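Participant: Letter by letter, the chains look like this.
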Amino acid sequence: MPLMKFHIFDGWSKENIATLLDAAHDAMVRSFNVPERDRYQLLNTYSSDTMVMQDTGLDIPRTDRFVLVEVVSRPRTSEQKQAFYANLTEDLFEKCGVLPSDLMVSLVENSDADWSFGHGRAQFLTKEL
Amino acid sequence: MPLMKFHIFDGWSKENIATLLDAAHDAMVRSFNVPERDRYQLLNTYSSDTMVMQDTGLDIPRTDRFVLVEVVSRPRTSEQKQAFYANLTEDLFEKCGVLPSDLMVSLVENSDADWSFGHGRAQFLTKEL
Amino acid sequence: MPLMKFHIFDGWSKENIATLLDAAHDAMVRSFNVPERDRYQLLNTYSSDTMVMQDTGLDIPRTDRFVLVEVVSRPRTSEQKQAFYANLTEDLFEKCGVLPSDLMVSLVENSDADWSFGHGRAQFLTKEL
Numbered sequence: 008m009p010l011m012k013f014h015i016f017d018g019w020s021k022e023n024i025a026t027l028l029d030a031a032h033d034a035m036v037r038s039f040n041v042p043e044r045d046r047y048q049l050l051n052t053y054s055s056d057t058m059v060m061q062d063t064g065l066d067i068p069r070t071d072r073f074v075l076v077e078v079v080s081r082p083r084t085s086e087q088k089q090a091f092y093a094n095l096t097e098d099l100f101e102k103c104g105v106l107p108s109d110l111m112v113s114l115v116e117n118s119d120a121d122w123s124f125g126h127g128r129a130q131f132l133t134k135e136l
Numbered sequence: 008m009p010l011m012k013f014h015i016f017d018g019w020s021k022e023n024i025a026t027l028l029d030a031a032h033d034a035m036v037r038s039f040n041v042p043e044r045d046r047y048q049l050l051n052t053y054s055s056d057t058m059v060m061q062d063t064g065l066d067i068p069r070t071d072r073f074v075l076v077e078v079v080s081r082p083r084t085s086e087q088k089q090a091f092y093a094n095l096t097e098d099l100f101e102k103c104g105v106l107p108s109d110l111m112v113s114l115v116e117n118s119d120a121d122w123s124f125g126h127g128r129a130q131f132l133t134k135e136l
Numbered sequence: 008m009p010l011m012k013f014h015i016f017d018g019w020s021k022e023n024i025a026t027l028l029d030a031a032h033d034a035m036v037r038s039f040n041v042p043e044r045d046r047y048q049l050l051n052t053y054s055s056d057t058m059v060m061q062d063t064g065l066d067i068p069r070t071d072r073f074v075l076v077e078v079v080s081r082p083r084t085s086e087q088k089q090a091f092y093a094n095l096t097e098d099l100f101e102k103c104g105v106l107p108s109d110l111m112v113s114l115v116e117n118s119d120a121d122w123s124f125g126h127g128r129a130q131f132l133t134k135e136l
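Line by line, the protein sequences give chains R, C and F. Counting from 8, one number per residue, gives the positions in the first sequence under the working numbering. Counting from 8, one number per residue, gives the positions in the second sequence under the working numbering. Counting from 8, one number per residue, gives the positions in the third sequence under the working numbering.
This is chain R alone, in the form it adopts within the complex (with noise of 0.2 Å):
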């Protein structure tokens, strides 16, 4: 069920991108323990016009493969999250060459009746998931 939104700048190849929502996603599974078929994933690009990305003061460089991730959940722990994050950095500069530098992620929590994945049911409260 997580719902991962990727906002990126213009220039990756499609190969890169592929590969980008796929380790995003086993870092997904292996955090959140969600089920391998559970990936809900969309990608938008933008100009440097349209994305603004500095640091709060943290003095943590960015370049143009920056990679601001957005993730509607129900709800986890911080355990959870913070290992996400730790996963996703990893995963995506072993596989993509993502820098630890480059990877912000913003969470989003909802609960169970705010999930229908077809057939207009509410699969968390019909007891389908």
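Worth flagging that the hints you see were computed from the coordinates, not collected in a lab. Careful: at least some of the hints might be erroneous.
Same chains, same names: a pair is fine if it fits in one copy or spans any two.
SDA-like, lysine to any residue: derived pairs with alpha carbons at most 25 Å apart [as the list claims (entries may be wrong)]:
hint: 1; residue 1: LYS12; residue 2: ARG128
hint: 2; residue 1: LYS12; residue 2: GLU77
hint: 3; residue 1: LYS102; residue 2: TRP19
hint: 4; residue 1: LYS134; residue 2: ALA25
It should be emphasised that the depicted structure is a prediction, and the values quoted were computed from it without experimental measurement.
Based on these hints, arrange chains C and F on the given structure of chain R.
Facilitator: Quick look at chains C and F alone, frame taken from chain R:
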């Protein structure tokens, strides 16, 4: 007030997009009992490289007419949400031919102070709404 | 940390977009008292076919210079949010000519564990922030 964000694959005609947005708004009005002009909709399109939508193992087939709807709304009951999923599924199938297996919804809640519809005021707090 | 997502119609110049993002950031800094480099902005553009923005019956006219701003932030008080709406309205009008009737804001809250600004760490939990 609900903000509806649609994510679809490339290939829809302008006419079909208009029908989709109209139908989804009708289902929203009917389910959440909002005013007719409480309509705020965004639509983005994706290639198969930039939108990956699976099924959490629910064995739901997806086609290139898949529709993901994200909704941001003040709190609604589980009953209202389930009615919305059912109504939206019915309306999109009847009016646009979107298969029930091709419709996914993800909802996020916020509160009265979180909306300004114009003039720099929070209309749910000022009691204009 | 607030993430600001802008949704506007096609037709803005690069210069006007830059002014819009700068002005909105200034209003954010002033209202939520965040660091100067706490700037995270995305902007997407739409045709009139893919963005429909009405007024909930409030009788607010909209033009093709309409601006929707989505904000994701850690919790803020109602007072802070109302100050932000007022400041944003004022700044966008003065600096970009965006009419007060053309500005809408939708806010969603999350918490300390929901942000990682880089290096795979949750900086609000590690006390780096």
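Participant: Now tell me if each hint is right for this structure.
Facilitator: Evaluated hints:
1. LYS12 with ARG128: both (23 Å within a copy, 19 Å between copies)
2. LYS12 with GLU77: This pair counts as both: shortest intra-copy Cα distance 5 Å, inter-copy 12 Å.
3. LYS102 with TRP19: within (14 Å within a copy, 34 Å between copies)
4. LYS134 with ALA25: neither (32 Å within a copy, 35 Å between copies)
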